[in-house]
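Peer 1: Sequence:
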Amino acid sequence: MSDAALRPATGFRLPGLSALGPLLALILLIVLGAFLNDNFLSQGNVTNVLARSAFIGMIAVGMTFVITSGGLDLSVGSMAAFIAGVMILAMNALLPAMGVGVPLILLGMAIALAVGLLAGLTNGLLVTRAGIEPFIVTLGTMGIFRSLVTWLADGGTISLDFAVRQLYRPVYYSGLFGVAWPILAFALVAIAGQVAMRHTRFGRYCEAIGSNDKVALYSAVNVDRIRLLTYVLLGLLVGLATIMYVPRLGSASGSTGMLWELEAIAAVIIGGTALKGGYGRVWGTVVGVLILSLIDNILNLADLVSPYLNGAIQGVIIVLAVVLQRGKSAA
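Each residue of the sequence shown is one higher than the last, beginning at 0 in numbering that gives the first Met the number 0.
Because the hints were derived from the structure by calculation, they are not lab data. Some hints here could point you the wrong way.
[Stated by the list, open to error] Straight line, CA to CA, 16 angstroms or less: simulated EDC-like cross-link-like pairs of lysine to aspartate or glutamate:
| hint | residue 1 | residue 2 |
| --- | --- | --- |
| 1 | K275 | D160 |
| 2 | K275 | D212 |
| 3 | K213 | D223 |
[As the list claims (entries may be wrong)] Computed spacing ranges between beta-carbons, pair by pair:
| hint | residue 1 | residue 2 | range |
| --- | --- | --- | --- |
| 4 | N38 | K213 | 49 to 57 angstroms |
| 5 | L106 | D37 | 43 to 51 angstroms |
| 6 | F34 | V318 | 52 to 60 angstroms |
| 7 | L106 | R247 | 15 to 23 angstroms |
| 8 | S305 | L27 | 22 to 30 angstroms |
| 9 | K213 | A92 | 45 to 53 angstroms |
| 10 | R128 | S218 | 20 to 28 angstroms |
| 11 | P102 | L323 | 45 to 53 angstroms |
| 12 | G98 | V304 | 30 to 38 angstroms |
Note that the coordinates shown come from a computational prediction; the quantities given were computed from them, not determined experimentally. Virtual Cβ for every residue (Gly too), placed ideally from N, Cα, C.
Given only the sequences and the hints, what does the whole structure look like? Please build it.
Peer 2: Below is the structure:
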C-alpha cells in the first residue's frame, strides 16, 4: 500500500472556517488586547509573550506527534523540572574541572538533551514494549520525575553557579537581529515539525497509526517503532525547551514546569489536532500556543481576573476545544 493511501480521511480535514477558527480567534485576541491596553503591542510586550511561549511551544510541537499517533504524555512538565535539575547539578559539579566557559555550557546542553532523550525513551518503551496505556505510564512518570527533582533539591531549589549563570543568560535574553534565541528556536522547531507532519513518511505514519493502528500494521508500518519515536522526539524537545528555560531563572525546583503538560495539550487541541489521534496540525498547535499566551498576557495586563485562575481558564479552554471537535466529527 502506498504512503498516500495511509493518510486517513477524517472530519478534521474539512477546509473553511473550521481550519481558520484558531487563526480568527488569535486575531480577535490581538485586537482585544490592543483595545484594553496601549502597551499590548509594544515591542517589549510582544517579545516577552513570544519568548515565554517558546518553551511550551517547542514541547507542544512534540506533543502534536504523540497525540496524532494516538498517545498522550502527562509528564512533560515534571520531565522539564528533572532535566533542569540534573543539568544544573552536572554543570556545578563539572565547574571546578572545566572552569567557567562555553565548553561547560555546551556540555550542560548536551546533558539536557541526553536526559530528555532517555526520559522520552523510557515513556515510549513502557507504552510500546510493556503495553501499558500512555495515560497510566505518563501519569506515573510525572510523579517520578517531580519527586526526583524535589529529592535532588532536598525540598528546596537547585541553583546554577552565579558566574556560569551570567555566561548562560544570553541564551534567553539575547538573540539575532533583535529576535530572542528562544523565539528563533521555537520558529525552527515549528517549521521542521510542520514539514515532518505534512511531507514525510513519519508524519503520514503517525496519522495512520492514530486513525487505525491495525490497518497501519497490516500496511507494513512498524507501529511500535513510530510510537516510540514520537515519545523520543517529545523528550528531546522537552530537553531543548529546558535548555532555553534554565538561563531565564538559573534554577530548578519541585515547582518548575508546573502545568506545562496542561498548556501543551491545550495548545495542541485548540490548534485542531484530533485528541483521539489520526490527524495532526503543527501550524495549528503554534496558533494554539499563541492563543494561550495572549489570554494569559491580556488577563495580567488588564487585571480582569486573578492570575491564580489562569490554570482554571486553560482547563475550560481544553473542555470547549474537545466539545467543538466532537461537534465537527459528528457533522
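Peer 1: To test your reading of the hints: which numbers does this structure violate?
Peer 2: Structure breaks hints 1, 6, 12.
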